[in-house]
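Asker: My request is simple: use the sequences and hints to build the entire structure.
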Amino acid sequence: PHSLPPSGAASGGYYPPPPPPPNFSHPDEHNPKRSKTNITEESFLVKKYRPASYFRSIESFARYTKNHRMLDASYVRSPSTAGSTAEKPFVYSIKMGGMDLSWGRGKSRDHAIDAACRAAFALVAAH
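Oh and the sequence shown: position 32 is 32 in our numbering, straight run, nothing missing.
Keep in mind that a hint or two might mislead.
Derived DEER-like restraints, expressed as beta-carbon distance ranges [as the list claims (entries may be wrong)]:
1. P51 x D72: 18 to 24 Å
2. S53 x G98: 27 to 33 Å
3. S84 x P16: 21 to 27 Å
Dumping the calculated DSBU-like pairs for lysine-lysine here, alpha-carbon to alpha-carbon at most 30 Å [said to hold, decoys possible]:
4. K88 x K107
5. K107 x K95
6. K48 x K95
7. K95 x K66
8. K107 x K48
9. K48 x K88
10. K66 x K48
11. K95 x K47
12. K47 x K107
13. K66 x K47
14. K107 x K66
15. K88 x K47
These aren't lab readings, by the way, just hints derived from the structure by calculation. Predicted model, so just to flag it, every value in this text is computed and none were measured. Note that CB positions come from ideal geometry on N, CA and C, so glycine has one too.
Answerer: Quick look at the structure:
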């Protein structure tokens, strides 16, 4: 018959050390050959962003986030290969609270952000 080893108190108080914490650093963080610009992402706060031309959805989304006190909302550019096509190379997502809410792609930055705002409003309307 197998018996379990005695508990910590009965075996003289010895407890094994806890496991080391996980390493969450970026893999290229310590590589001098990689530039830091590849790690940082282009982002704009919704409350500070001003498009080059008028887009009703962008202005409405800015008012919506202000009225609902979503102060950390931002437009974030996705990596160049994520979701882009030859016709629509710009891909932006709306990020709130560290989570992506919606995304859109377009011929320019403003068109991609406009598509992301429309997608966010579609989510709100579906709720």
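Asker: Please go over all the hints and tell whether each is borne out by the structure.
Answerer: Going down the list of hints, with the structure as the test:
| no. | hint | verdict |
| --- | --- | --- |
| 1 | P51 x D72: 18 to 24 Å | 20 Å, holds |
| 2 | S53 x G98: 27 to 33 Å | 30 Å, holds |
| 3 | S84 x P16: 21 to 27 Å | 50 Å, violated |
| 4 | K88 x K107 | 5 Å, holds |
| 5 | K107 x K95 | 21 Å, holds |
| 6 | K48 x K95 | 14 Å, holds |
| 7 | K95 x K66 | 15 Å, holds |
| 8 | K107 x K48 | 22 Å, holds |
| 9 | K48 x K88 | 24 Å, holds |
| 10 | K66 x K48 | 11 Å, holds |
| 11 | K95 x K47 | 13 Å, holds |
| 12 | K47 x K107 | 23 Å, holds |
| 13 | K66 x K47 | 7 Å, holds |
| 14 | K107 x K66 | 27 Å, holds |
| 15 | K88 x K47 | 25 Å, holds |
Of the numbered hints given earlier, the model fails hint 3 alone.
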